Amino acid sequence: MTEKADIVKLPKTFELLDESGIGLDGADGLLNERERRLLVGAANFHALAGPGRTFRFTVLRGPSGTLPSLTDEACHQIGWADDREVVGSMVVRSLVHTTAKFSPADGLVDLVVDLGGEPRLASAYDQLPGLLGKARRTVRFMAPVQFDALRQFRTDVVERRHRTRPVPRKAPVRLARGAAARRPATKPAVLFGLHWLELGGAERWALETVQMAREAGMVPIVITDRPSSHSWIERPELEGAVIVPLTHPTSPEQESAFLNGVLSTYDVRGVHLHHCTWLYERLPWLKSIRPDIPVVDSLHILEWRTGGFVDISVRMSNMIDKHHVISPQLRDYLVGRQGVEPEKVELATLATLTTAGIERPGRVEGAADPFTVSFVGRFTQQKRPYLFLQLAAELRATAPGRVRFVMHGDGELAGEVMARRDRLGLADVLEVRGPDQPVARTLAETDALVISSDNEGLTLTSFEATAAGVPVVSTDVGSQASLIADDLLCPRHPFPFVRLAAERLRTMMTSPDQRKTWLDEQAVKAEAFAKLPDARTWTRDLYEGWLK
Amino acid sequence: MSTPASVAAVVVTYNRKDKVTKVLDHVLSQTRKPDWVLVVDNASTDGTPEVLARYTEHEHVRLLRLEENTGGAGGFAHGMSKAYELGADFVWIMDDDCYPNDDALEELVNGHAKAEEAMGMQLPYACSVVKWTDGDICEMNNPGTTWDWGRLLAKGVDGVLTTSCSFVSVLVPRWAMTRFGLPLKEYFIWFDDAEYTLRLGKAAPGVQCLRSVVVHDLGVNRGVNFGDINHSNIWKFEYGARNEASYRLHHEDFGAFLRHVQRTLRGMREGRVSWPLRLRVLKALARGIRFNPKPEFPRSVL
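Each protein sequence line maps, in turn, to chains A and B. Heads up, the first sequence is in the UniProt record's numbering, so the first residue is 1 and it goes up one at a time. Heads up, the second sequence is in the UniProt record's numbering, so the first residue is 1 and it goes up one at a time.
Just chain A, with the same shape it has in the complex (with noise of 0.2 angstroms):
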């Protein structure tokens, strides 16, 4: 407690001269906790951008479902859309070292921050414009299984491109020091840039290396750069961070003002990237300013439909010190496909994410009668919970017994969800279970998991399905061959998918045998895995390195 509150004083960056409406100085405000954490974030950045200068922030609300506006250049603009309510009213001081002498002509910077609304759950295909938009929605919703074989065969194409192409290197910074420019910082930080502060596992490992460095005795400087109502900036993990939610386009002399306050007011000691495009933009440039700050990227899934993280990262390899990659895969694709030096890749999974660790599973007993089947994760189009109905449709007509599923969980897709149960005639087989319910109960009662994802990283609900002792159906993508019995691993593409994932589970159902054989290598695999370094371990260790 202490020593939360203790952190909380040290990454000060501006002071609170007058307020209303916020409810930051104590008193009941207007906004929730969630809204005064942005706009925090957004007085962070423009406090860092503008030391010592004086800014007052006028801050508005929008409809549920719209997204802030914190750093962006429209914040300089004091007019603002009909639809947006004014909740606040701010004037802070930037606590930024600055050896520059403001005259009162500078007076007052004024600001306008929209916070944005409640966030909304909604898919991307919801998001798209005008009549051809409209179109794939229709066909997507219509016909998602045929419309997802589609999906796969462009994924294909993709794949199959990026496979034959190398991924162009920046060239490196060759500075082994950077002329200073600014006195020496004496607080120990870490920059750390995230995607977003949303659900997600390569956030939820992003956050718990912002507490690790805080644990650390260092300030974590949290950047994010995508849009988004930042649901998870509440966690416990960000307590103590000096979070700056970017938001785009901002002006470019804002940017380097920006991290040229993080160095001037922090002893950046290294920075961490978890997916954050705009910061590994940069790192050319911090690099050339500050070579002797360390840099290291976590890189948690290869994927180059919508963009791919991993491919920037080879582009950046040169201003990276260190890649940690949490899957055997991701190792393979930087040092055999891309030729990033073997020295450079450092292994480190997250096999305990989750789970206290991986046990042999004790639950080898023969399978039960309903058969149960579970879906455990997302209900969005990457997990492709479609997917799983059809495979309940094709079971129950074709199943040597009696069977039931499970789908546990929510998202953008749950309304898709309950209505394609009730089309497949499953309402009576098939029960959808809210996140509010342990996941333990669901897979306890679990006969078979079905995971019918069309990329991931490494699931981290094949680890639980293993300590559970339940065998996982899974398609065979990202690293789920470390994880999965190899005669369960099935195609991506959604008609193959079916079939085979459809005739393991009556397999399983005839011949308990055979279910065990299966779990028994999904143990081994997970027991292996399990084996490799730990990326806790390896990042404690590192930060500990950073400190000295």
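Please keep in mind that the hints were generated in silico from the structure rather than gathered at the bench. Only a predicted model underlies this, so the values are computations on that prediction, with no experimental measurement involved. Incorrect hints may have been included.
Stated by the list, open to error - Derived CB-CB ranges, DEER-like:
no. : chain 1 : residue 1 : chain 2 : residue 2 : range
1   : A       : 169       : B       : 18        : 52 to 58 angstroms
2   : B       : 302       : A       : 12        : 42 to 48 angstroms
3   : A       : 401       : B       : 56        : 32 to 38 angstroms
4   : B       : 256       : A       : 544       : 56 to 62 angstroms
Built from N, CA and C at the ideal position, the CB exists for glycine as well.
With chain A held as given, fit chain B onto it using these hints.
Relative to chain A, chain B alone:
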């Protein structure tokens, strides 16, 4: 200190129970021990599993029995894939009638590293000198060399730069499998080794390490000759004709394809091969036009 590279030996066997144990004994008595020895039994029917059973308790040996005979190509693809899954940094592949000298692997690993250092680049494979049982060079397993084959010799390294080699004691680094995939199992037999090493050669030349020596226990010491076709071996030549035709056409050019056809026909004419057999080979050459398999890539497991 980095950990030493791990090596998985892969031996593919089919109905050679009298030789495969000698191969394994040679592999297991290496001065540089392989971390794994994977024996791929291509569904042998001569009692090979019973003979191999005595190795089941050996801590380094893993027996992989296939349901059907997939040919040397399929066996090597399977074994290499499994070695890759185990996390091997190198795979050392050989036939079931290849007896490596005690220091063959050690010299191969060291020779590969020295060649890489001398060349200043990663080399995608290293192969041994293959001798016949009488100590002479084994004619079937002589690698193709690059135009600058003596470059390493000039730098004081006992190695020769190569364009391709046969699967008789070849060391393949993990990165090469990641980048180029596995041998084409669809080739079944013949030219799978040439195709694979030519494919790897897109990255850089290979190296034949002159200090690494193995003995290939073939019945007769004779290279591939289409004039030798008879009724009992025609099936093998059909694979060879088709596979090389496919490679020359789809991975080189039409001219290379025509030259292969011409060479094949000339060989059969000079060997006075009967017309029905020549016709079968011609058909195999024609099959190569449409036959164009794509490589599979190994899975990263550990």
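Verification of the hints:
1. A:169 / B:18: 52 to 58 angstroms: About 53 angstroms separates the Cβ atoms of residue 169 of chain A and residue 18 of chain B, which means 52 to 58 angstroms holds.
2. B:302 / A:12: 42 to 48 angstroms: Holds, since residue 302 of chain B and residue 12 of chain A (Cβ atoms, about 47 angstroms apart) stay within the stated range.
3. A:401 / B:56: 32 to 38 angstroms: holds (37 angstroms)
4. B:256 / A:544: 56 to 62 angstroms: holds (59 angstroms)
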